[in-house]
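Protein chains in written order, with the working numbering: chain A, 1 to 332; chain B, 1 to 332; chain C, 1 to 200; chain D, 1 to 200.
Hint data in this document are derived by calculation from the structure and do not stem from the laboratory.
Nothing false has been slipped in among the hints.
List of simulated lysine to any residue pairs, SDA-like, C-alpha gap at most 20 Å:
no.	chain 1	residue 1	chain 2	residue 2
1	B	K2	A	G231
2	B	K2	A	T232
3	B	K226	B	T207
4	C	K33	A	R227
So the chains spell out like this:
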Amino acid sequence: MKKILNDPYTYADETLTGLCRAYPQFYALAPETTRVITRPDAPVAGKVGIVSGGGSGHLPVFTGYVGPGFLDAVACGDVFASPSADEMATAIRAANGGKGVLRLYGNYGGDIMNFDMAGDIVEMEDIEVTTVLLADDVASAPLDEREKRRGVAGMVFTFKIAGAAADAGLDLAEVTRVAQKAADGCRSMGVALGPCIVPQAGRPTFTLGDDEMEIGMGIHGEPGVKRGKLGTADEIADALLDPILDDLSLEAGAKVAVLVNSLGATPVEELFILYNRIADRLDAAGTEIVFPLVGRYACSMEMAGASLTVLPLDDELQGYLTAPADCAFWKV
Amino acid sequence: MKKILNDPYTYADETLTGLCRAYPQFYALAPETTRVITRPDAPVAGKVGIVSGGGSGHLPVFTGYVGPGFLDAVACGDVFASPSADEMATAIRAANGGKGVLRLYGNYGGDIMNFDMAGDIVEMEDIEVTTVLLADDVASAPLDEREKRRGVAGMVFTFKIAGAAADAGLDLAEVTRVAQKAADGCRSMGVALGPCIVPQAGRPTFTLGDDEMEIGMGIHGEPGVKRGKLGTADEIADALLDPILDDLSLEAGAKVAVLVNSLGATPVEELFILYNRIADRLDAAGTEIVFPLVGRYACSMEMAGASLTVLPLDDELQGYLTAPADCAFWKV
Amino acid sequence: MAGMTRASLDHAISAVLATLETEHEGLTALDGKLGDGDLGITLLKAFRQLDTIRPDLPEDLGQAFMQCAQGVMKVSSSSFGTLLATGLMTAAKTGKGWTELDWAEVPDLLHRVVEALAARGRSALGQKTVLDALDAAATAAEGKDSPRPMLQAAREGIDSALDTYRDKPNQIGRARVYAERSVGMDDPGMVALKVMAGAL
Amino acid sequence: MAGMTRASLDHAISAVLATLETEHEGLTALDGKLGDGDLGITLLKAFRQLDTIRPDLPEDLGQAFMQCAQGVMKVSSSSFGTLLATGLMTAAKTGKGWTELDWAEVPDLLHRVVEALAARGRSALGQKTVLDALDAAATAAEGKDSPRPMLQAAREGIDSALDTYRDKPNQIGRARVYAERSVGMDDPGMVALKVMAGAL
Ligand SMILES: Nc1ncnc2c1ncn2[C@@H]1O[C@H](COP(=O)(O)OP(=O)(O)O)[C@@H](O)[C@H]1O
Ligand SMILES: Nc1ncnc2c1ncn2[C@@H]1O[C@H](COP(=O)(O)OP(=O)(O)O)[C@@H](O)[C@H]1O
Ligand SMILES: [Mg+2]
Ligand SMILES: [Mg+2]
Ligand SMILES: [Mg+2]
Ligand SMILES: [Mg+2]
Chain A
1 MKKILNDPYT YADETLTGLC RAYPQFYALA PETTRVITRP DAPVAGKVGI
51 VSGGGSGHLP VFTGYVGPGF LDAVACGDVF ASPSADEMAT AIRAANGGKG
101 VLRLYGNYGG DIMNFDMAGD IVEMEDIEVT TVLLADDVAS APLDEREKRR
151 GVAGMVFTFK IAGAAADAGL DLAEVTRVAQ KAADGCRSMG VALGPCIVPQ
201 AGRPTFTLGD DEMEIGMGIH GEPGVKRGKL GTADEIADAL LDPILDDLSL
251 EAGAKVAVLV NSLGATPVEE LFILYNRIAD RLDAAGTEIV FPLVGRYACS
301 MEMAGASLTV LPLDDELQGY LTAPADCAFW KV
Chain B
1 MKKILNDPYT YADETLTGLC RAYPQFYALA PETTRVITRP DAPVAGKVGI
51 VSGGGSGHLP VFTGYVGPGF LDAVACGDVF ASPSADEMAT AIRAANGGKG
101 VLRLYGNYGG DIMNFDMAGD IVEMEDIEVT TVLLADDVAS APLDEREKRR
151 GVAGMVFTFK IAGAAADAGL DLAEVTRVAQ KAADGCRSMG VALGPCIVPQ
201 AGRPTFTLGD DEMEIGMGIH GEPGVKRGKL GTADEIADAL LDPILDDLSL
251 EAGAKVAVLV NSLGATPVEE LFILYNRIAD RLDAAGTEIV FPLVGRYACS
301 MEMAGASLTV LPLDDELQGY LTAPADCAFW KV
Chain C
1 MAGMTRASLD HAISAVLATL ETEHEGLTAL DGKLGDGDLG ITLLKAFRQL
51 DTIRPDLPED LGQAFMQCAQ GVMKVSSSSF GTLLATGLMT AAKTGKGWTE
101 LDWAEVPDLL HRVVEALAAR GRSALGQKTV LDALDAAATA AEGKDSPRPM
151 LQAAREGIDS ALDTYRDKPN QIGRARVYAE RSVGMDDPGM VALKVMAGAL
Chain D
1 MAGMTRASLD HAISAVLATL ETEHEGLTAL DGKLGDGDLG ITLLKAFRQL
51 DTIRPDLPED LGQAFMQCAQ GVMKVSSSSF GTLLATGLMT AAKTGKGWTE
101 LDWAEVPDLL HRVVEALAAR GRSALGQKTV LDALDAAATA AEGKDSPRPM
151 LQAAREGIDS ALDTYRDKPN QIGRARVYAE RSVGMDDPGM VALKVMAGAL
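Next up, chain A with everything else stripped away, as it sits in the complex:
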């Protein structure tokens, strides 16, 4: 197993411990847990709390985005596995500054059940909760079944926007509205070039021929829309952008945020090569990129490949997206 680890069964725990030790200014483990990370100053009294969570193995998602102007607390499971409802309830309590808590997470069955159950638990403690599900992966279902889509890198923009809205003092209903608007706007599309190894499974999540790629594959190796010969960077950029543009039907003059994201192994050099084409295409379409991000923002450990996320911006979303925020993985 070509991974650096001590024990597959403590991989997630050791990762989170190391994260909190290296960056104590940003991250703290909630008392008596090994899987719930909070801001060191959580809960922030009088602010709407924002909680996320899901499987480990996606750093900086989820834990990395805990911080001022971002998330308040996060529950992490084993690699690619949901955290427990118990841990989610702990995260919700830690995030609750008395104004209620938004649960903001990816549209995966296990996570939904557990966050629902966690909600049942904390509602008995009079904590008000709302939910926004991230479902930005265009490849995972057609537009008219949008509610079935998986959540992928679009969560980064949505975390940022929701965090800024909470920071600005909006109430729970308003923070939820803004987060839902961002989540509704995000469209993502990924391409996988190589697998990763889930520590407890010990073998690659999928296999791809040496000259193959799979367009639309999910961040846990879920099947995509098309497996084919590895294309050029420009072809890949088009394959990522075309379905997004079809889905969004942007008007000329639209402003967008763009995230060109590595799934892990793919170097940023190659993301910048993709970015050239994406920027050319959007320029040609009269779309203005007002907020580009290129780097590793939502990974699947050492998976090779990249994803593209486009989020149309109105003034409200742009303001929140570009507002200051602070965590170990964000540089505005």
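Given chain A's structure and the hints, the job is docking chains B, C and D with the ligands onto it.
Frame of chain A, contents of chains B, C and D with the ligands only:
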């Protein structure tokens, strides 16, 4: 070739173009070049300029670290190949704000020859230049042949410190002294788990068995000190730390900066697992980690593996290391 | 034995755990074909945990089921684990205040569990999940008032649900994305229920 | 032909390029065993560039060599390319103001080039590099005053340098890290010089 690119021969150019397009607030191409990146406001009048350079494929090294409190200009070659003396001379001119320019780069034969030649060229134009070579890779030569060591991830700390010293208004001799002190202090050690592919070569830089690792391998695949069975994270951390501590002989109470760096494919999750052990060991030795960095700071494209850099800090170095700086890849 | 007691629970935990110790690999392999291959280990972890709290379960069935639910929740967060915990919480509500539950009430309880799981899973009958097998078991068990015939009927219900759904595609959960491939294959969660029922 | 002229340069460039078009792969393979495998392509790029400026080279040997140096610098930044450019700049200094250079002066010029390369490469004779072959060529060529015998002697010098160093380890450059492995192997830069001298 499992890489995202259009043409192996334009890989470096396209990477740099994309970088400057995505982050124009930080990076600009020098007029009429495709390989020289400067701060958009370069040269900064009245400030000592700092120039680096070397092969492409190491992002964020070198280009990523251009910015206020960091480097002024950088010349980039093809992947893992030196830029030309011509390009280096252009970078030196672009960095020259009238107070002279420090050439700060890794100890590689080709780069040295070309930077020397570039120095000859610009000295005819009355630009004063000095040199500090980065030679932090403990694996590449014994301590008594320190001048033969390769430069690896220690350059990140040194860039930062030299940049802050220049920002603080020190003159060329003083900036050079501070940079030399940082360069002299840095000790690094790497481990490779898997190769990368140099675009123009089209095949992996080396091969390693499925359960093998190589301790001390260089960032271009140069041979290391020991190839062996893939160890646990704790064993790897020890194998990286032991030779560094032997080399440094730190006194109890020493303060250090620590960089746990991914060579590319290795996910940050696993760096945090390594960090736990390194922090335990340094704690036990009475050494204080005052500045930890964990992430991808000096890569070899999609190479798998990690490196550890330790830099003992006095007040001067600590002050410069923690001073503010700005570029797309740095978050203090 | 007139009804279900703490002792029945005790027996059920031991029996299911014993079977899972050998059967979990098969469930994992099956789940691996359509999902993430964690179903066997999920159940094994759940029942091992239940086995550790088994000796100290209270006589009150409500409290006993609730402790079981919490035990499962603690160690397992995969869909099936959460559904199992949800089912146990439903049973806890029914058993609250009772130390013995008439066997004749069990089919009704199972129907309530099906409803709770559908709510938790945001799913419905007919989507080829454990719900369909559990619903068939509950229906088949109706009208029986002693454990052996009831169990026998429930097993037959599960088997017929497996037969009914085998050649349909999975419509929810992780297996949905492999919908086409799932035609001709048993749903892992339904098989898990069969394994557990078979163990009793 | 009494001395070296712009025409000699013209001929040399064409001849070396013709040879490199077929020989560059061998040089690259050799360099690949001890380094980064770019030596052949480095030289090919350099001489293709020289070939494009060849028709327009000035008669003044100083200017001609300087344009050649700049041409090489532009396309090649590998060690050998930089050394080649350095050598051409050294020749430019010698040729400055002359349209013809006495052949008898060439061995001296080569010695000066060796010195310049050692300065540029921060290296010394005896480290198993192109310097050792070039120095041997310069020494062997001493005392000859016409191009053919001089070239013949130079080739013999290069061959004997190759023999002398074959079983020693590389002491500088990329090959140093493979020092042990380099014993028994020819230094790629020395072989490159042999290929170029052979082409003339
Ligand atoms: N939303 C749901 N509603 C009802 N049953 C479900 C649901 N999701 C999954 N299941 C059942 O759980 C089984 C898979 O369990 P498990 O492997 O624990 O899920 P996962 O690993 O996908 O979280 C499925 O075969 C199905 O019977
Ligand atoms: N510092 C040096 N001094 C003298 N010759 C050198 C030096 N470094 C390399 N060489 C010569 O150059 C040859 C390698 O050239 P090249 O492949 O262009 O180098 P690299 O790819 O390592 O930059 C070596 O075989 C050696 O003869
Ligand atoms: Mg599963
Ligand atoms: Mg699961
Ligand atoms: Mg070479
Ligand atoms: Mg080279």
